[in-house]
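Based on the provided sequences and hints, a complete structural model is requested.
Sequence order for the protein chains is A and B. Position 218 of the first sequence, counted from 1, bears residue number 218 in the working numbering, the numbering being contiguous throughout. Throughout, the working numbering is defined as the position within the second sequence, counted from one, plus 1000.
Don't read these hints as lab results, they were simulated from the structure. Each residue gets a CB set at the ideal place from its N, CA and C atoms; glycine is no exception. A hint or two may mislead.
As the list claims (entries may be wrong) - Partner residues are not named here, just some residues of chain B that face chain A (Cβ under 7 Å, in silico):
#	residue
1	1281
2	1283
3	1287
4	1288
Claimed, not checked - With the C-beta cut set under 7 Å, the calculated list includes, among others, these residues of chain A facing chain B:
#	residue
5	70
6	88
7	89
8	91
9	100
10	172
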Amino acid sequence: MLELQDICFTRDNKKILNHIDLRLENNQFIVITGPNGSGKSTLAKVIMGIEKQDSGQVILDGQYISNKSIDERANLGMSFAFQQPVKFKGITVYDLLRISAKKKMNRKEACDILAKVGLCAKEYLDREVNDSLSGGELKRIEIATVALRKAKLTIFDEPEAGIDLWSFQNLIKVFEDMRKEISGTTIIISHQERILNIADKIILMKDGKIKKIGSKEELLPEVLGKKNKPKCCKIGGDMLE
Amino acid sequence: MSNLEQVDEKLLSEVSDSLENTFKGAYNIRKNGKGIERKITENINIVTKKDVSGIDIYIQENTNWEFVHIPVIITQSGLKDVVYNDFYVGKNAKVIIIAGCGIHNACNTDAEHNGIHRFFLEEGAYVKYYEKHYGEGEGTGKRILNPVTEVHLKEGATMEMDSIQIKGVDSTQRTTKAVLEANTNFVVTEKIMTHGEQFAKTNFEVELNGENASTHVTSRSVATQQSVQEFQSNVIGNTKCFGHVECDAILKDNGRVIAIPKIIANSVEANLIHEAAIGKIAGEQLIKLMTLGLTEKEAEEQVINGFLK
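Here it is as structure tokens:
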């Protein structure tokens, strides 16, 4: 359903994506992992159209979409959760859910969606999506806005970044539930073992290239093992070298 | 409301948000410099001033959340209307006051309305005051609105003031002054959007004179095209008090915003904060909304509508 052909992306003389070829099938839960600077987030943004590749093609369901804008891709069935959720002055959680749903949504429906990401809906619906919410709260709202679109391709860029341990444990539960319910293909950029553990397929990136693709049984030992142990990963933060 | 023509009804609904212009509670409608309709209630009396043009509104003590509507409509080009409205709010009275001015200027001479509103709140009174300004009309004459609001809060009184000017006013100079006694609270939210060559200047002056007096002034503005806005605030803390001024502005096209904050602490116990942020719409906000399927233009409208909501 998603195909990347020879994607290259260079900035400041650094090859961030170096001839990426990839083909993903429908209804899979895929985790892209790898060290910092390996090009994971850039790849996710290129797929969504947030960054434009220098060369190569993005193909969705046989359609070439490299020249399509972000909203056109969204309307073709793609969805994207940001590593750092975006804040808005004056736009409430309820507003954002309604925009995302693209249809009329009553408060009960909105509450049900928030409940799925572990938020007590009554307290949150009318709050503005601004600095008054914690990193964990913003992250869950971000996930709710993305998950409710029921897109055929949903991309999560490092959902564990910027949240505390307590929120992280709850977040894993959200993903485990979503793993059972969600239809379509999900791509998660992550370093976290517990997220890697629920993947159908793991893609390991290094230096702007796809180093390996395989099942978690095949790749987890390498990703987590001594040889290529991803060192230590602090919750909500970057890989520690 | 039989004295109203179609254009009047549109202006009224723009500035009052009332359904079919049926006002709840007491009201006084002013058109082209003259009162045309009035209703008083058991607790709210409205009296025409004798010395100058305008009205005195008396709200009895212990009134429990009643409405007062005082809309003004101007359809006569070339008119310069000045009105003095004074509100006397009795002890522990709670009231919602809805004011607003709509100008329809179809000709080539300026139409101007200067509303001077003074509020005198007795001990424990609570006022929610909504004010909306709107302009329309195909004429080249300017639509000018210069409101002045003066607020006097006695001990324990609270006033919340929301003012909004979104469309069609070519020039405005808004002045808001408040004097606060002990245990009072004055909350102001002002939202302005300017287009074309419009100019809007707003000036807040709040004196915190009594212990535990507090004020929150929030200004959100959007300056588009060639328009210019100027925001000035001056919060003076003379005792143990709290003041917070927040000025946020979004710029579009060649819009310009000037923010001049001033906080003066005359007491070691005064706690005063000023925050100001001016800039264009953050690119990441547009991108986020586009990932939800909105076009760039729709995303921009959504950000601005939310900001001014």
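Here's how the hints hold up against the structure:
no.	hint	result
1	1281	violated, 10 Å
2	1283	violated, 10 Å
3	1287	holds, 6 Å
4	1288	holds, 4 Å
5	70	holds, 4 Å
6	88	holds, 6 Å
7	89	holds, 5 Å
8	91	holds, 4 Å
9	100	holds, 5 Å
10	172	violated, 24 Å
Taken one by one, the earlier hints fail for this structure at numbers 1, 2 and 10, listed in ascending order.
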